[in-house]
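> Chains as they are written, first to last, in the numbering used here: chain A, 1 to 76; chain B, 1001 to 1173.
Some hints here could point you the wrong way.
Simulated pairs of lysine to aspartate or glutamate, EDC-like, Cα-Cα distance not exceeding 16 Å [stated by the list, open to error]:
#, chain 1, residue 1, chain 2, residue 2
1, B, Lys1117, B, Glu1081
2, B, Lys1130, A, Glu33
3, B, Lys1029, A, Glu32
4, A, Lys27, B, Asp1093
5, B, Lys1130, A, Glu16
6, A, Lys53, A, Glu33
7, A, Lys55, B, Asp1094
8, B, Lys1130, A, Asp15
9, A, Lys27, B, Asp1094
10, A, Lys76, A, Asp58
11, B, Lys1067, A, Asp57
12, B, Lys1066, A, Glu49
13, A, Lys55, B, Glu1065
14, B, Lys1130, A, Glu32
Stretch-level coverage of chain B by chain A, calculated; a stretch enters the list once three of its residues show a Cβ under 8 Å from a Cβ in chain A [unchecked claim]:
#, segment
15, 1112–1124
16, 1130–1139
None of these hints come from the bench; they were simulated from the model.
Ideal Cβ positions, reconstructed from N, Cα and C, are used throughout, including at glycine.
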Amino acid sequence: MELEKFVANFAAQFDETDASIFTAETKFRDVEEWSSILALSLIAMVDEEYDVKLKGDDIRNSQTVNDLYEIVKSRK
Amino acid sequence: MKIENYGVVLTRLTEEKIELVRNWRNDPKISQYMEFKEYITPEMQINWFRRIDNENNFYFIIEFEKKEIGLINVRDIDYNEKVGEGGIFIYDDDCLNSDLSFRVGVLLNDFCFETLKLEKLKAHILNNNKRAIQFNKMFGYKIVDGQDDVNNQLYYLLRSDYIEKKERIIRLF
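From just these sequences and the hints, can you work out the full model?
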């Protein structure tokens, strides 16, 4: 599981935000487009792409994209 | 009255909590998305509560992990037409823009369609509140035609549309 690919998959959930702004250190909740719909989309993406169940608590307790990556990686 | 599922608890609003709700509601981060944006006084709040404390209106404090985080409601219920109007706001920043909004939404919609036996819910959403529009569409709300120039737009959710969308949502919880 690659961090770069995870960041790209994460960025692909956003419709209006330029994918190039996303890095592992991006604080995703500070991105203007972030919403409850994107939280749900993220859970669906991680389930589909990585076969990992990401929980709402995981998202609430994470600050950066890398925090999420580490959670997903630990459950693979 | 309490409703509990999907990790959240809805407790029916009582008079002792209306000051908490007034403080939330007067905060610009909430009032900016409301049609009525004026400052709400304690007197206005108690008058409002007396108008809504009945079987045609159900307002619930949302609790998550024993913390009060927001308000959700179905109001102006017409039991003959089997329709009511939904509304929600999450005040707590840590809980905003997370799956909690969906957990709470499913819980209230289930209450409306299964307990109250409504057939349709409506919602008014300001046309600049993109998050709320997307959120409601995820549940199956559809905008009523011919409102391009309307600021506070009317949406409807049919029970059949909700049941179809609900299954896709709850499998992500």
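> Each hint: holds or not?
Status of the hints after comparison with the structure:
no. : hint                     : verdict
1   : Lys1117/B with Glu1081/B : holds, 11 Å
2   : Lys1130/B with Glu33/A   : holds, 10 Å
3   : Lys1029/B with Glu32/A   : holds, 15 Å
4   : Lys27/A with Asp1093/B   : holds, 15 Å
5   : Lys1130/B with Glu16/A   : holds, 12 Å
6   : Lys53/A with Glu33/A     : violated, 23 Å
7   : Lys55/A with Asp1094/B   : holds, 15 Å
8   : Lys1130/B with Asp15/A   : holds, 13 Å
9   : Lys27/A with Asp1094/B   : holds, 14 Å
10  : Lys76/A with Asp58/A     : holds, 15 Å
11  : Lys1067/B with Asp57/A   : holds, 15 Å
12  : Lys1066/B with Glu49/A   : violated, 34 Å
13  : Lys55/A with Glu1065/B   : holds, 15 Å
14  : Lys1130/B with Glu32/A   : holds, 12 Å
15  : 1112–1124                : violated (count 0)
16  : 1130–1139                : holds (count 4)
Hints 6, 12, 15 from the list above are not met by this structure, while the remaining hints are.
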